[in-house]
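Produce the entire structure from the sequences given, and follow the hints as far as they go.
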Amino acid sequence: MKKQLNIFDENADTNQPPMAYSLRPDSLDYFVGQEKVKSRIKSLNFSNLPHIIFHGPPGCGKTTLAQILAKESGLELYPFNAVLGGVNDLRKIISEAIELQKMYQKKSIIFIDEIHRFNKAQQDALLPFLEKGDFVLFGATTEYPQTSINKAVISRVQIWKFISLTEDQILNILQNAQKETEIPASEEIIRHIAKYSNGDARSALNQFELLSHRKDELSSMSFKEITKNILFEHRQYDKNSDRHYDVISAFIKSIRGRDVDAAVLWLAVMLDGGETPEFIARRLIVSASEDIGNADPRALQMAVDAHYSIKNIGMPEARIILAQATTYLAQCPKSNASYLAINKALEYVRSNPTIEVPKHLRNNEPAAKDYKYTHDFHNHYTEQDYLSSAEKNTRFFKSSDLGYEKMQSDNMKKMRR
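Using my numbering, the first residue of the sequence shown is number 62, and each one after it goes up by one.
Calculated from the structure, these hints are not laboratory results. One or more hints might be untrue.
What the hints assert, rightly or not - Pairs of lysine to any residue residues, derived as SDA-like cross-links and limited to a Cα-Cα distance of at most 25 Å, are as follows:
1) 167 x 111
2) 132 x 117
3) 285 x 208
4) 163 x 149
Below you can see the structure in the form of structure tokens.
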């Protein structure tokens, strides 16, 4: 980690940059983590750098590594944030980079942070320059590139995947920061910050920086007082990140697997992370139909009622309604028979020519007189063909023989007898 002089000197300028910025390493020797990415750097030709998209969670070193590569290559780095600037701002930077190339026969690096925030048209504006190699593009994103970046851009860049830092790697970064700043934090506190940083070095250093503002008090404060009064809670949940999809997946799978406690826990994780109750309720409606179906038709009604109720109640009380629906659905008998049936039927329709309606079932057809009105028969049931001869023996639905669906199945068998 590079040396920063008097960063937290009480007499220093109060407009100091954040610690995470000030202590950012400027060489690979001090860059912690991302061993697989480092191995790719060994094969780079620094005189002819490729376009690269750095993809990974926050605080894992994407921006830092981009700056280190720029320094190692000796190229001018133009930073640009896709959130703060538009295409016109970017074009000005591109013009400067191209002018620099014409004057000195030397490419520049344009680093676009949050590149996924560019819409399709904005990303397309980069294509002619990437194709000609007017500059080297570095981009950073926390979103999955294959879905957030245009395919045309993807085909012209390398994608380097970053992973969250380990607890030991965060601890290493914090210990280096302590050497630089001489903040008198105990090892217990440093380990606590590393443990709860969720692999985010920036978050860990922001936490550590809080200690610097009250470093004279640290020696007289207990571990509990420091964690309660100085440090802030940091549980990772980004509604636009992979974790958002991972948690909702775990939630639905816990309901499907009838693990009530797990389902409630994942519900709590989503609510604590700020997930919208309406989104959760919509997923419950899908689960009620996909995973429970006619094994307990009340599950769908429960989920629909929950969706209606929370829109009229709101948080924090909506949590109770969601918990009721979640625990009910988790304990229901399960059947995906309806889900499988419609999937099989759609597959059949898409793989066959137009399916003809039997003449006796058509709306205006002389043969309609041959249709048997079921209510005219005993138990309101009679044998009749509802499919043409080509589809007559095709079966899409298979009862699970669980819960209410078993009652329906038994009743159908009884009718047919």
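Here's how the hints hold up against the structure:
1. 167 x 111: holds, 14 Å
2. 132 x 117: holds, 22 Å
3. 285 x 208: Violated. Residue 285 to residue 208 sits at ~43 Å, over the 25 Å cutoff.
4. 163 x 149: holds, 21 Å
Hint 3 from the list above is the single one not met by this structure.
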